[in-house]
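Participant: Listed below, chain by chain, are the residues.
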Amino acid sequence: GAGVSQSPSNKVTEKGKDVELRCDPISGHTALYWYRQSLGQGLEFLIYFQGNSAPDKSGLPSDRFSAERTGGSVSTLTIQRTQQEDSAVYLCASSLGWGREQFFGPGTRLTVL
Amino acid sequence: TQLLEQSPQFLSIQEGENLTVYCNSSSVFSSLQWYRQEPGEGPVLLVTVVTGGEVKKLKRLTFQFGDARKDSSLHITAAQPGDTGLYLCAGAAGTDKLIFGTGTRLQVFP
Numbered sequence: 029g030a031g032v033s034q035s036p037s038n039k040v041t042e043k044g045k046d047v048e049l050r051c052d053p054i055s056g057h058t059a060l061y062w063y064r065q066s067l068g069q070g071l072e073f074l075i076y077f078q079g080n081s082a083p084d085k086s087g088l089p090s091d092r093f094s095a096e097r098t099g100g101s102v103s104t105l106t107i108q109r110t111q112q113e114d115s116a117v118y119l120c121a122s123s124l125g126w127g128r129e130q131f132f133g134p135g136t137r138l139t140v141l
Numbered sequence: 078t079q080l081l082e083q084s085p086q087f088l089s090i091q092e093g094e095n096l097t098v099y100c101n102s103s104s105v106f107s108s109l110q111w112y113r114q115e116p117g118e119g120p121v122l123l124v125t126v127v128t129g130g131e132v133k134k135l136k137r138l139t140f141q142f143g144d145a146r147k148d149s150s151l152h153i154t155a156a157q158p159g160d161t162g163l164y165l166c167a168g169a170a171g172t173d174k175l176i177f178g179t180g181t182r183l184q185v186f187p
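These protein sequence lines map, in sequence, to chains A and B.
Last residue of the first sequence: 141 (our numbering), numbering continuous.
Last residue of the second sequence: 187 (our numbering), numbering continuous.
Everything labelled a hint here was simulated from the structure, so no lab data went into it.
Please note that the accuracy of each hint is not assured.
[Stated by the list, open to error] Take a look, some chain B residues computed to stay more than 12 Å from chain A by CB distance:
{"hint": "1", "residue": "Ser89"}
{"hint": "2", "residue": "Leu96"}
{"hint": "3", "residue": "Glu118"}
{"hint": "4", "residue": "Pro120"}
[Unchecked claim] With a cut-off of at most 27 Å between alpha-carbon atoms, the simulated DSS-like pairs for lysine-lysine come out as follows:
{"hint": "5", "chain 1": "A", "residue 1": "Lys85", "chain 2": "B", "residue 2": "Lys147"}
{"hint": "6", "chain 1": "A", "residue 1": "Lys85", "chain 2": "B", "residue 2": "Lys134"}
{"hint": "7", "chain 1": "B", "residue 1": "Lys147", "chain 2": "B", "residue 2": "Lys174"}
{"hint": "8", "chain 1": "B", "residue 1": "Lys174", "chain 2": "B", "residue 2": "Lys134"}
{"hint": "9", "chain 1": "B", "residue 1": "Lys134", "chain 2": "B", "residue 2": "Lys147"}
{"hint": "10", "chain 1": "B", "residue 1": "Lys147", "chain 2": "B", "residue 2": "Lys133"}
Predicted, not measured: the structure shown is a model, and the values here were computed from it.
All C-beta atoms in this analysis are idealised placements derived from N, C-alpha and C, irrespective of residue type, glycine included.
From just these sequences and the hints, can you work out the full model?
Facilitator: Pasting the structure below:
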């Protein structure tokens with residue numbers, strides 16, 4: 029389909045391991061957002077990309093979290109040395125530009141044992 | 078810190094009943110959005126309100142933005158099982174990022 033896709037859909041990892049989450053935005057969308065959602069609650073903003081640049085990284089919880097975007101398209105969110113409190117659903121969204129309607133992917137459910 | 082509190086947190090009702098979900102903040106927002114999220118999926122935008130006092134209707138759903146642009150409500154008339162889901166409000170303050178509410182989980186029983 030032409031929507032936002034994320035992979036993997038589910039990821040179970042052991043505490044201390046690194047994980048990489050992938051987001052494929054809608055073609056032509058220049059803005060890309062990462063959010064974290066804990067246990068069916070509201071969304072917590074993590075980071076935003078405009079093109080390949082990240083003007084707002086203010087939501088990243090710690091220096092274990094990083095994200096990059098290449099070619100103005102695919103983005104990866106990396107969590108190093110995962111902790112149990114990192115367990116959540118990580119959602120990606122894209123839009124035609126900052127402030128425009130955001131279209132969300134289905135999310136990656138991360139479980140840290 | 079901008080916070081958006083939603084109430085109630087959980088709501089279980091019978092098909093045909095009416096309900097109202099509230100979204101409140103002490104901060105002023107330039108616009109406010111309502112989303113619905115179903116299990117295993119991302120949120121889907123329902124509506125955006127931008128003017129204080131604005132009322133928008135989407136079939137059986139009525140959205141209102143408070144006069145002071147600090148609060149909003151979502152009213153559903155004659156709820157149906159298909160309305161079941163997590164309802165999220167989200168506010169934007171100027172060019173700042175979206176702040177999402179705490180969510181209201183609605184269950185409509187046939």
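Participant: Please go over all the hints and tell whether each is borne out by the structure.
Facilitator: Hints and how they fare:
1. Ser89: holds (15 Å)
2. Leu96: holds (18 Å)
3. Glu118: violated (5 Å)
4. Pro120: violated (5 Å)
5. A:Lys85 - B:Lys147: holds (26 Å)
6. A:Lys85 - B:Lys134: violated (36 Å)
7. B:Lys147 - B:Lys174: holds (16 Å)
8. B:Lys174 - B:Lys134: holds (25 Å)
9. B:Lys134 - B:Lys147: holds (20 Å)
10. B:Lys147 - B:Lys133: holds (17 Å)
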